[in-house]
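Let's have the full structure, built from the sequences with the hints guiding it.
Quick note, the sequences are listed as chains R and Y, same order. According to this note's numbering, the first sequence is numbered sequentially starting from 1. According to this note's numbering, the second sequence is numbered sequentially starting from 1.
Because the hints were derived from the structure by calculation, they are not lab data.
Some but not every residue of chain R turned toward chain Y, in silico, with C-beta under 7 Å: (1) Val-72; (2) Glu-122; (3) Ala-126; (4) Asn-163; (5) Asn-165; (6) Ile-214; (7) His-252.
Listed below are the simulated SDA-like cross-link pairs for lysine to any residue, each with C-alpha atoms no more than 25 Å apart in a straight line: (8) R:Lys-142 - R:Phe-256; (9) R:Lys-104 - Y:Tyr-130; (10) R:Lys-253 - Y:Ile-128; (11) R:Lys-230 - R:Ser-87; (12) R:Lys-142 - Y:Asn-146; (13) R:Lys-253 - Y:Gly-119; (14) R:Lys-253 - Y:Asn-146; (15) R:Lys-253 - Y:Gln-141; (16) R:Lys-104 - Y:Val-151; (17) R:Lys-104 - Y:Ser-129; (18) R:Lys-120 - Y:Cys-133; (19) R:Lys-217 - Y:Asn-46; (20) R:Lys-120 - Y:Thr-121; (21) R:Lys-129 - Y:Asn-126; (22) R:Lys-253 - Y:Val-136; (23) R:Lys-129 - R:Asp-164; (24) Y:Lys-118 - R:Glu-249; (25) R:Lys-253 - Y:Ile-123; (26) R:Lys-138 - Y:Asn-146; (27) R:Lys-120 - Y:Ile-123; (28) Y:Lys-153 - Y:Ile-123; (29) Y:Lys-118 - R:Phe-256.
Derived coverage of chain Y by chain R (criterion: at least 3 residues anywhere in the stretch with Cβ under 8 Å from a Cβ of chain R; other residues may be distant): (30) 117-129; (31) 138-146.
We put the CB at the ideal spot given by N, CA and C, even for glycine.
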Amino acid sequence: MRKIRMKKKIITSLFLLLGLSFSSMSQANEKDSSSEKELALSEMSLAIQALNNMSGYLRSLDRFSIHADIYVDEVLENGQKIQQTKSIAASVNPPSMLMVQTLKHEFYYNGDNFTIFTPKPEGFYATFKTPKAKTIGKLIRKAKDDFDIDIPLSDIFLWGSNNDNSSEIQEATLIGVERVNGVSCNHFAFRQKDIDWQICIQRGDMPLPLKLVITTKLEEAQPQYVALFKWDTSPILQNEQYYTFIPDENDHKIDFQPNKKNK
Amino acid sequence: MTLTLNKPLQFFVFFLSVFMLLALMPQQADARRGNKKGGGTRTSVNRSSNKNRNVNVNSNKSSNTNVNVNRNKNTNRNVNVDIDVDRRGRRRGGVWTGVAVGVSTAIVVGAIVSTLPKGCTTIIQNGISYQQCGTVRYQPQYSGNNVTYIVVK
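As structure tokens, this is what we get:
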């Protein structure tokens, strides 16, 4: 009888021990997950803060010129992914002067008129007036809404403006320190509904974006847009004429196709 | 152990499975088509437009037009316009003849193309620039960032 009782006691104590250890383990897990959550939250706020810091710095620049090397995926009908290389140069004199050059286009904005120009062999240009919009951010929005014109490197001008979409960020992580064109930068990764994107922000007192990667999640092939930026924050000051389009005798003024979306 | 069902239940299960199949099939087809169409690669984090999401989807498409392949798509769209006219013509005439074929190859006023045939000359009338290609006159215009040509004559 005693032996049996002893056995019973041992078994119940074993079960108790097991139960205790399980409960403590689960508690530890809870602690881990909550601290992980806290860590993720603090990391997210850190990343957002870094992004806001960069945006604020961008908007504080009194003039700058930027050279961007762009690598952009295009997915063909057969699913083949093609990476195209583009080069964009922009000269900016905020709040309302902008000149952007790409391979096929030139964009001029002097605060009053915006002109898109397609050089030779076409030699076409079209102009619209911007009576109300006196900032580059507003110009970008008007060009898109009224004429379906995409002004390249728009993020550079929209971060820190009213059209900043940083509220759409769902997750943010700090990846680590990296180097772009020999310059140290903090690499952050962000997740949004339709896109994942990454940015490398220069370390130190000039928090400029050095690299931007956008992954389109809506596409099955997940094509990417990669931009590498080279900055000059004290370029030669250009006068208004530099930002005004002056047509050549062989250039022809044409119209914008009415934007169907506005109808 | 085997599961035995009475006859009404068997029928019910059979119809349910057929229904499920039918319900699922078109969705799959749509998904596949959707992948092929594609919206293009996003090139900015911040949406420059404050309008609804549909506008943004369109904006992606317009970024896509930089690729020649997609430009060809635009041309195809214009061919479709021609076919529509052709159909209308056929309905009016009621006979499928060589005349109808002639209509289908003719370029219709209002059609938009992204590339011009060879051998066009620039003419300026009342300060407006046109491209004269044989008997057809095109007026260039910006469709988004790209130049397209609308047939005016």
